[in-house]
Amino acid sequence: MIFSVVIYSAPYTSESAANALRFSQAVVDNGHQIYRLFFFSDGVHNANKLAITPQDEQNLQVTWDSFIRSNKLDSVVCVSSALKRGIIGADEARNHDLDSQSLQASSNISGLGQLVDAHMKSDRVISFG
Amino acid sequence: MIFSVVIYSAPYTSESAANALRFSQAVVDNGHQIYRLFFFSDGVHNANKLAITPQDEQNLQVTWDSFIRSNKLDSVVCVSSALKRGIIGADEARNHDLDSQSLQASSNISGLGQLVDAHMKSDRVISFG
Amino acid sequence: MSLVLVKSVSPTKKTFTYLSRSAPYGSNRAQVCLDAALATAVFEQIVNYVFLDDGVYQLLKEQNADKIFTKTIGNAMETLELYGIQNIFIEENSLRERNLSIDDLAIKVKILSNKKLAELIDSSDSVINL
Amino acid sequence: MSLVLVKSVSPTKKTFTYLSRSAPYGSNRAQVCLDAALATAVFEQIVNYVFLDDGVYQLLKEQNADKIFTKTIGNAMETLELYGIQNIFIEENSLRERNLSIDDLAIKVKILSNKKLAELIDSSDSVINL
Amino acid sequence: MSTLHTISKPPSSGLLNSCLTGVSENDALLFIEDGVYHGSKFSPDLETPHYLTLFSLEEDVMARGLNQSTLSNINIINYNDFVDLCVRYDKVVNWF
Amino acid sequence: MSTLHTISKPPSSGLLNSCLTGVSENDALLFIEDGVYHGSKFSPDLETPHYLTLFSLEEDVMARGLNQSTLSNINIINYNDFVDLCVRYDKVVNWF
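Residue numbers (our numbering), protein chains in the order written: chain A, 1 to 129; chain B, 1 to 129; chain C, 1 to 130; chain D, 1 to 130; chain E, 1 to 96; chain F, 1 to 96.
Errors might be hidden in some of the hints.
Stated by the list, open to error - Cross-link-like lysine-lysine pairs, in silico, DSBU-like; alpha carbons within 30 Å at most:
(1) E:LYS41 with D:LYS13
(2) C:LYS14 with C:LYS110
(3) F:LYS41 with C:LYS115
(4) A:LYS72 with C:LYS14
(5) B:LYS72 with C:LYS67
(6) D:LYS61 with E:LYS41
(7) A:LYS121 with C:LYS116
(8) F:LYS41 with C:LYS71
(9) C:LYS116 with C:LYS13
Derived from the structure by calculation, the hints contain no laboratory data. Just so you know, these numbers come straight off a predicted model, no measurement behind them.
For reference, chain A alone in the conformation it holds in the complex (with noise of 0.2 Å):
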């Protein structure tokens, strides 16, 4: 069966962030397929390639990061929620002049339409916020 998973929480301050990544974890488990994740509004702090944790602590994003890695899936943080946060690529790097950049290169910034396509063509969507 076909799913999705959309993340509305930031990491750290609401379980709900990591719990998605357990709840799509054992959807490839057990044999099914993620057609995309969709990282909206704090979710996207999710896809921030910067974060330095304790040796003792779980680092979510790196998490978050294997797991599409390894599966190849196709992970999306939203346009407009992630630029206003901080959420930044190298394109939008390089557009704003900017000597930094913050987004995984494992997730892609794309719009809204990414999450009605993904309703439209996974069986089930499972939001965590």
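Dock chains B, C, D, E and F against chain A, hints included.
Relative to the frame of chain A, chains B, C, D, E and F by itself:
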């Protein structure tokens, strides 16, 4: 009178981050002193320097930065909140071999002791979350 | 009032029901819910939009968020119809618990009973709930 | 039980009262409140710690957050005393509304009546409320 | 159709009541995160329609010091079961 | 001593009741953000002790389509007044 202001909320997601800024501006406008701004938990996202907003919308991170600079305020982001959320200054970027940094130079990364100190040295501490 | 609970009419169209449950401004949930619904309408899907719980406060007349530097949600409500979203509902109990009458509201909406809300959710393909 | 409501005893010491009102794990508020209180104790200030509303759930026995990759708050409660915080209270109504008895709790706490809570807040220099 | 409703806020939030305005006969509720206090002996008695099956997520139950003996009438399930429920019901509505 | 309590969540949150367990005779309440629905004709009647003075923040009141005619027994104040209140009361407790 000496105030400190503590900000627990991410920008845009909750009104309280913007409310904290308007309140802080009013404190200064009314001739009082701000001993410290302390960004805690998701509040650290207010000190992200990479935010890009549409021209017709307020850039809250830039407005905080201007406010802090023009009033020469002591602005602290909580170290344990900031690093795991990807709010990284020049020192941390260097120490961890990161190609980018995300912290506004007008804020400093420091510990929870600065919050306790703010309570000890201020006549009033107001929190927004 | 007779309610038409719209279901999918073709294999390419799905029925999306948005439940907007949050007061405006204090959090961005009202705006996020609206943005998602408008995007859905652009894709020519079938959209139901329901105001529930504190979400009914979004419909109060004479809102003006200029001084808190935010878009005024009450005005934005009119965009629902501009985007072709016609099934705009307000849940009956939420309205009554807040002493609201239809005259207090900025736009015309249909009143939805408890029972009809459950039917609407049941008959939808996707429910987005903020 | 006799309650000692501690006030500032020297000009350099202030009385901090922490109100921990949130259930553990669902949000980070319980942990944030605890971290701030421990830091306050390190600065040798006077600390009162009050569990209120859903915050009383933090005190349930046999918590184990390993599987959700988080620190177990129930264990962390013991650090309050390690840091010299002795005025640990649980608000009476919050306890009763949740059918909790002292035997259900992971650490020893004093029961605080409604009225004493107001007195504690009134007599504190700083109140941190999460 | 049938719907799986997830609820992730504690009883004090009133979220369960909102959810109950939207349930139908073939639906089920799954309590996750701080929602798992629902149905425990440490929260008000559940007043859910008899036709609803109730689930709680094991990882969240254990984290909070709850267990089967403090959760009557609730089926405790793990993440694999959570995925199975998503398949078994026609759609999922998340209340948060 | 006297305390100014701010409340920033709507009546449905139950936050006012929590706050009321902690108020004393010389205190005041200031409603901000979504708290400003308190005391409006669009929310349950306020049951606050008679000795409490009640304030609401003008910017938040106006944003939400409320005004003095829908807010009886509430003093509507601006940000400068908010700062003054912080000075006038011995401390501020923020409920959010």
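Taking the hints in turn, this is what the structure says about them:
{"no.": "1", "hint": "E:LYS41 with D:LYS13", "result": "42 Å, violated"}
{"no.": "2", "hint": "C:LYS14 with C:LYS110", "result": "21 Å, holds"}
{"no.": "3", "hint": "F:LYS41 with C:LYS115", "result": "27 Å, holds"}
{"no.": "4", "hint": "A:LYS72 with C:LYS14", "result": "27 Å, holds"}
{"no.": "5", "hint": "B:LYS72 with C:LYS67", "result": "25 Å, holds"}
{"no.": "6", "hint": "D:LYS61 with E:LYS41", "result": "14 Å, holds"}
{"no.": "7", "hint": "A:LYS121 with C:LYS116", "result": "27 Å, holds"}
{"no.": "8", "hint": "F:LYS41 with C:LYS71", "result": "24 Å, holds"}
{"no.": "9", "hint": "C:LYS116 with C:LYS13", "result": "22 Å, holds"}
Violated hints amount to a single one, hint 1; each of the other numbered hints is respected by the structure.
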